[in-house]
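A.B. asks: Spelled out from the first residue to the last, the chains are:
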Amino acid sequence: MRNPLDQAKLETILRTANPAAVARFFRGASEADREKLAPTVKAWNQRLERNWRAQFDRKVSEQVKSEGAMGDWYALMPVAYLAALACLTLAQIKSIHIANRPNPVMIAEVLRDRRPDWLDEYAAYMCGKDVHRWTILDWKLVRQLVRDGLCQPPTLDNYVLGAIEGIKPPSNWRENLQRKDAGLPPLPVTSLVELLLAERDWIDFAFWRLFEIEGTSEVSLANGEKYSKGESWTTAIIELSQRGVLSRERLLDSSLAALNRDFIQFRAGWFSHFHEAMTPTIAEREQRLPAYFQLLGSAIPPTVTFALKAVQVLDKEKPIAGVQLARHLESVLSARSKTAVTGALQLLDRAARREPGFSKPAARMAALALLHESPEVQEKALVFLEKHGGAEDSELRDKLAEVGEHVTPSLRKRLSALLGVSAKPEASPDQPANPPKSDPLKQKTRLDPADAIPPIATLDELILAASAMMESPDRPMEIERVVDGLSRLGTEHPADFERRVGPLRKRTLKRRDDKQGSYPRHPKLDRALAMLLLTWMDGKDGFTEDAISLAGGQNHFAFLFRRLKALGNSLSQQQSLPLLSAPTHGGGWIDPVVLVTRWQEWQKAGVEPNFHEQVLALLRLAPENRKTALREARSITGEGGEALRLALGADVKTGKNAALWLAAWRCRQPQGDLPEFEKAHPKLGPDAGTAASYQWKASGKRSQHGDLSWTTFEIQFSTSPECIETVGDALLPVLMHGKWNSYVEGAKPLLRWAATLWPGQREVFFARGIKLLAASLNYADVNDRDICAFLEPLAEPHTEMKPMATLALALGLAAEDAALRGHAQEGLIAAIGQARLDVSALAGVMSELLATGINKFARWGKTLREVARVSPMHTRQVAELLTQSLKGDPTEGPRDIHALLELLVELQAETGTTLNDPQARQYVQGIKTGGRTAKLVKKLLS
Amino acid sequence: MDLNPDAYDGVVAGQGTTNVDFNANMRAALAQVRDGESVGLAVGKEDVTLLRGMEQVIERKVPLPVRWLKGFVEVQAYQSRMAKCAEIGKVETLRFLRSLPRSTTAKSVFWAVPAGSGLRLSQRELPGGVRLAGLERLRLLEELAPLADSLRVFTDPRGEASEWQLRFGPLAFHLTLTAEVWRGFSGEGQVLGELATKERDKILAQVRGLLKWQAELRPEEFAVNWDVQPETVRLALAALGSRGLVGFDISRGAYFHRELPFDLDAVEDLHPRLAGARKLIEQGGVRLLQQTPRLTIAEVAGSGVTHRVRLTSDCATCTCPWHAKHQGKRGPCKHVLAAQIFNNLDNEKSS
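Chains B and F supply the protein sequences, listed in that same order. Take the first sequence: its letter number 31 is residue 31 in this note's numbering, and every next letter is one higher. So this note's numbering is basically just the index in the second sequence, starting at one, shifted up by 1000.
Hints may be right or wrong, so weigh each one.
Chain F is nowhere near these chain B residues, computed Cβ spacing over 10 Å in every case [unchecked claim]:
id : residue
1  : ARG24
2  : GLY68
3  : THR89
4  : SER95
5  : LYS226
6  : ALA236
7  : ARG261
8  : GLU402
9  : LEU464
10 : ILE548
11 : ASN625
12 : THR637
13 : ALA795
14 : LYS939
A short, non-exhaustive set of chain B residues, derived as facing chain F with CB atoms under 8 Å [to be verified]:
id : residue
15 : ILE264
16 : GLU330
17 : SER334
18 : ARG336
19 : GLU373
20 : ASP474
21 : ARG475
22 : ALA495
23 : LEU504
24 : GLY822
25 : GLU826
Calculated directly from the structure, the hints in this document are not laboratory data. Beta carbons are placed, not taken as given, at the ideal position from N, Cα and C, and that holds for glycine.
Please put together the full structure from these sequences, using the hints given.
C.D. replies: Have a look at this one:
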């Protein structure tokens, strides 16, 4: 009689990494004896698991420390799990997390010895978990159990899917590395075919379900083909078919059936490629024609293309009746894919040529292809209609009437000729391409009452607005409202003030103390606002960092933060006066009359307005109402009053305070040099006495890595004069050129705010975004949603389209990210609509960028097409823009220039114009290429 | 998907609600349906069956997750406030849907704005525009577009939800979208105000008593019979909608009777904010500071702070982070609800 199991001996074995010892220990033991050891084994497994969890769970780590950490827990896990399989219940086994599992052979040995009644359930459990590429051992284990006759093959999907990765043997990379060092060849690899043959029962039971189960984002036949190294399943299956192990007929049918199963495009693709890899014969295809027809209606475009090709191949050898084709090609003719639509037209054409009686029905069907957005496809459809259709067919005429006006302009005349009607006259070519320059005075005023910013009136409103601002500080005018509200109402502290601001304080404290660890140089707008609010609520300085630290440098953000700090100081001193620089209207503008009134209030209170406030207020002055304001401003004393009068248009001598007088001069004259200021305050940097000028050079940089090569767009960019080392902290126009950490993730609110600092001159604002926009051509990433801030002001009615704005626009129109392109598009639409666009200037920039040869600029074709759709004026402007951009050496242009030429052809057809510009003609003539581009060149030059 | 009687041949044996999941087999069967085929759909109390030639695929009824129930209720609340803002024809529909960018980040916001006889995408909020984030959701319609006759677009006044309706003769496919891709309808809180109204209203009980699976419930018709204002009946219908007893047909602009499998006694428990509000009242966490016909100000207890709630006839504000973040767009916070309920109770006591 066998002795009962010795617990002490087990505990010793559990502390070794010897799986065989576990198997020997439990061999032949009864369930009753095993059960007695269950608590010990369970506790041991739990302890090992805690040691695993301690790596990433602080609480568990504390617990492990107190009970004594185990350095070798990983090596001990396989033995522990084997012991669990030998004596725990299934429910207990399921609760164990296995970070290092034992060899499936050992598991099978232990279970073979025990033969519990739950083995089928255990196998199902192992197959029931999510399948990942790292769970291949689960499949191996289940296969071991099935092969050993210990359980029934599970019917779960993962028993099928798991084979894709699970059938492969463990990688011998360590050993192969050692062999390589020793100059030995790598270990031989068993072929997938041989591996599958070794799993013959699996093939018989489960293989065919691979054509029924889609798989997951990690494990599928498509994933295996694309991402796994080694032999492909396609090759292996075909070989097995050739050896007679797998039925060829069934493989062909199953692959088609899989394509009918609504799998996603990527996973469906494996089945169509596989089917073609089987190289079906004509007879096999003919047998499967109904299935191919069925697939023509698939929602997956590549499946439709696949089926269409199969039908085309068959039709060439064994012509298919037109009536049969007609039943199945209708959905293809409305497909998005150009290949599919043109393929369907070719099939119909062949059928119509074979069967004259089919011409009319075929033509009626072909009319659907005119719905396609590609002019190339529409032209093919029109050729078909001209060949097979006729005006006498009333049904065809009705169909064409429905789609006619959406046909691309260059084809409308031909369509009308087909219908036997005279074409509608296109836009008169006599209309000027450029609308007359609008009178600036008649433009929308910056001080439109509809854009007025209503000031906060009550403490409750202030608290609510401040709370909303802290949640999302992404609207600059809302921030200004709150800051202005604090300035005017900040000293109102009724008896229940503490209670009323309690929720806001709680939130603000949390925000102030949230340091956003890893980006110490990232401008921190929300923290600065939190500090200001705490200063207000607590009545003492709540700023725990200085402006430069918050801003990540001496720059315009630091200016903003200094402004907030200054307001905090005023509140601490119980000053309650209107904020000098608070915008009165959207975009950051201040009504000069209102500014004068505010300034007078400060003067009346006997308090000098904060210096930064004075500077910002001057830079934000709207051009309107200055004369009226000047009359009232005579009463304002001090250097500030003098500067204000200069800004409003008076003849005043430049004073001592450089920052103040620079702001005054730049308010009065945003562009160009300021000789008088420069004389008084020389060499202070760009946009001080000397206006900033920008130099840029665009190029394509070629890179190579192994077999891969690629070209990225680069721009060399500089400003002159250069920024001086130490810029005065209120010299705002110069500060805007200052150094800042241009990692902009999360900085959108601050960037938007920066656009309102000097609304009369945004060149420096756009200039700061050029390099970021240039990078956005090469790739899209999470920063793009912040980079958008550099393009948003392009759509504002008072943004002047100067060189940097124009360059930013051109780059934005070619960005990789759709939202960035969208912003640029809106900017261009608005600029055209508001007569702000200098077509020649933008065309000049585009011409320079095209000369880099970077193919990304072909994206302009798409964005400009959308702009052209907005109105006839937009159409003409875009046509002119494209025409003027075709300058220089065409051999340097992008490979996909046809995208721009195609658009130009359409726009000229729509506007009734031709390519008359000599430089553009010369450019187009110089494009030496074939195919579609050559056709477009011919059209443009005709 | 709405099927008008013209859209099918068959018999309507009764009315009800049957909820099923379409699993792999059903989806595979539906994926194989082609034009010109004769397909049958049988919707019964316990299952939905697809009949296609000799093939039959059955999906049995499943319990509806609570989140879905809440979602359906929220959708009808939005729909009842939506107005049509665009209707475009077949070709423009196809052109617009095919112009949607293939890849955007989920946080990119666009507006669909009128452009000639169609729509285009804009990055700016322009008049007549419909706010959209998570454009990939709208691309669902692209496959159906070639078959559609037209596209109608509806939006609620605050731009928090939109409905895109493809019409195929007597069929219509409705796609209702929240403003952000990460917001499911179940958490939108649009019905909380109505749920907070207890069923003491006689009109509500009367309307409920007359529900007989009507396809259209028009407040004006009820109002005439009972000599009350249509708005009173509309509010009663809205309250019934919050309990899953009516839905809203945006095409007809009318409520219809439907019964979601809610346990009506437990419906309030499904809304944590409402439960939280009632708890605040029970714990004495609400104090009225000012109460006039136009304005009520209340203090409501928060976590270590006191929130100030202001109620007027057309808006409610609170100093809590939820309200600060969402500004009432995702329904009232629990503090506002508590103040509203408390205020109503107080008014009833006084009257």
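A.B. asks: Which of the listed hints are not met by the structure?
C.D. replies: Numbers 7, 8, 9, 13, 15, 20, 21 and 22 - these are the hints that the structure violates, sorted from lowest upward.
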